[in-house]
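Sequences and hints are given; from them, build the entire structure.
Line by line, the protein sequences are chains A and B.
Quick note on numbering: the first sequence equals residues 919 to 1052 in our numbering.
Quick note on numbering: the second sequence equals residues 537 to 590 in our numbering.
To be clear, the hints were calculated from the coordinates, so they are not data collected in a lab.
Do not rely on the hints blindly, as some may be mistaken.
Pairs of lysine-lysine residues, derived as DSSO-like cross-links and limited to a Cα-Cα distance of at most 30 Å, are as follows [what the hints assert, rightly or not]: (1) B:LYS542 with A:LYS927; (2) B:LYS542 with A:LYS1041; (3) A:LYS960 with A:LYS994; (4) B:LYS583 with A:LYS1039; (5) A:LYS994 with B:LYS538; (6) B:LYS542 with A:LYS994; (7) B:LYS538 with A:LYS1003; (8) B:LYS542 with A:LYS1039; (9) A:LYS1041 with B:LYS538; (10) A:LYS950 with B:LYS583; (11) B:LYS583 with A:LYS1041; (12) B:LYS583 with B:LYS542; (13) A:LYS1039 with B:LYS538.
The lines below spell out each chain.
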Amino acid sequence: MGILPLQFKEGESGQSLGLTGSETFTIERDAKLTVNQTVTVKSSTGKSFQCMTRLDTEPEIAYYTNGGILQYVLRKLIAQTTDYKLHYFPFYGRAEPLRMMLTHAGADWDEAEYTFDQWPKYKESMPNGQMPCL
Amino acid sequence: MKDGTKLGESYAIGRYIGSQFGYYPTDPKLAFEVDYLLEGYESCVSKVAAPFFA
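Take a look at the structure:
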């Protein structure tokens, strides 16, 4: 999921718990993360202690559960995209019946328009080098 | 489309959308009538549009 920041409980430290930094740790927590949750940490040397997560806000929990802020933003962007995107020039042409059907059906769609100046740059990425493209 | 697939060719796209939303008949005879009209339309449009793309 990502890096879970933890803070020792008040009055505790790595030194007071006898940690050397060479241990590996297992973190036990509830399935649902909450802000500043208390978790149990068990070291490979058999020590067990409690820490507080330093996920201080709900957005930080969302970033963590998504594996980081980049993944979070990308997933949000994907979720915002429409079901259909129609690629065509900014005129009726061969796309208009498609626009009419999508609109009449109440489909979740939007359009990417290309001017003739822009078109050569995108031509290769379209099926058969043509538009309209859905 | 949302899954990254790109569909090309306006009539194929039209049939796809039509099938998705119930505008394209499942009955072969009715589907033929739709295709007949579309191809007739295409015959006219391609002649009209040809000079613009020459």
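Hint by hint, here is what the structure shows:
1. In summary, the hint linking LYS542 of chain B to LYS927 of chain A is not supported, as the alpha carbons are separated by about 54 Å, beyond the 30 Å threshold.
2. Our distance criterion of 30 Å between C-alpha atoms is met by LYS542 of chain B and LYS1041 of chain A, whose separation comes to about 13 Å.
3. With a C-alpha separation of about 35 Å, the suggested pair LYS960 of chain A and LYS994 of chain A falls outside the 30 Å cut-off, and the hint is violated.
4. This hinted pair checks out: LYS583 of chain B and LYS1039 of chain A have alpha carbons roughly 27 Å apart, not beyond 30 Å.
5. At roughly 14 Å between alpha-carbon atoms, LYS994 of chain A and LYS538 of chain B fall within 30 Å of each other, so this suggested pair holds.
6. A hinted pair counts as satisfied when its Cα atoms are at most 30 Å apart, and LYS542 of chain B with LYS994 of chain A qualifies at roughly 22 Å.
7. Straight-line distance between C-alpha atoms of LYS538 of chain B and LYS1003 of chain A comes to about 8 Å, which keeps the hinted pair within the 30 Å bound.
8. Between LYS542 of chain B and LYS1039 of chain A, the direct Cα distance comes to roughly 17 Å. Compliance with the 30 Å bound is thereby established for this hinted pair.
9. Under the criterion of a C-alpha separation no larger than 30 Å, the hint pairing LYS1041 of chain A with LYS538 of chain B is consistent with the structure, at around 20 Å.
10. For the hint pairing LYS950 of chain A with LYS583 of chain B, the CA-to-CA distance comes to about 64 Å; that exceeds 30 Å, so the pair is violated.
11. Pair hint LYS583 of chain B plus LYS1041 of chain A holds up; C-alpha atoms about 23 Å apart against a cutoff of 30 Å.
12. In summary, the hint linking LYS583 of chain B to LYS542 of chain B is supported, as the alpha carbons are separated by about 27 Å, within the 30 Å threshold.
13. Only pairs whose Cα atoms come within 30 Å are accepted, and LYS1039 of chain A paired with LYS538 of chain B is accepted, the gap being roughly 22 Å.
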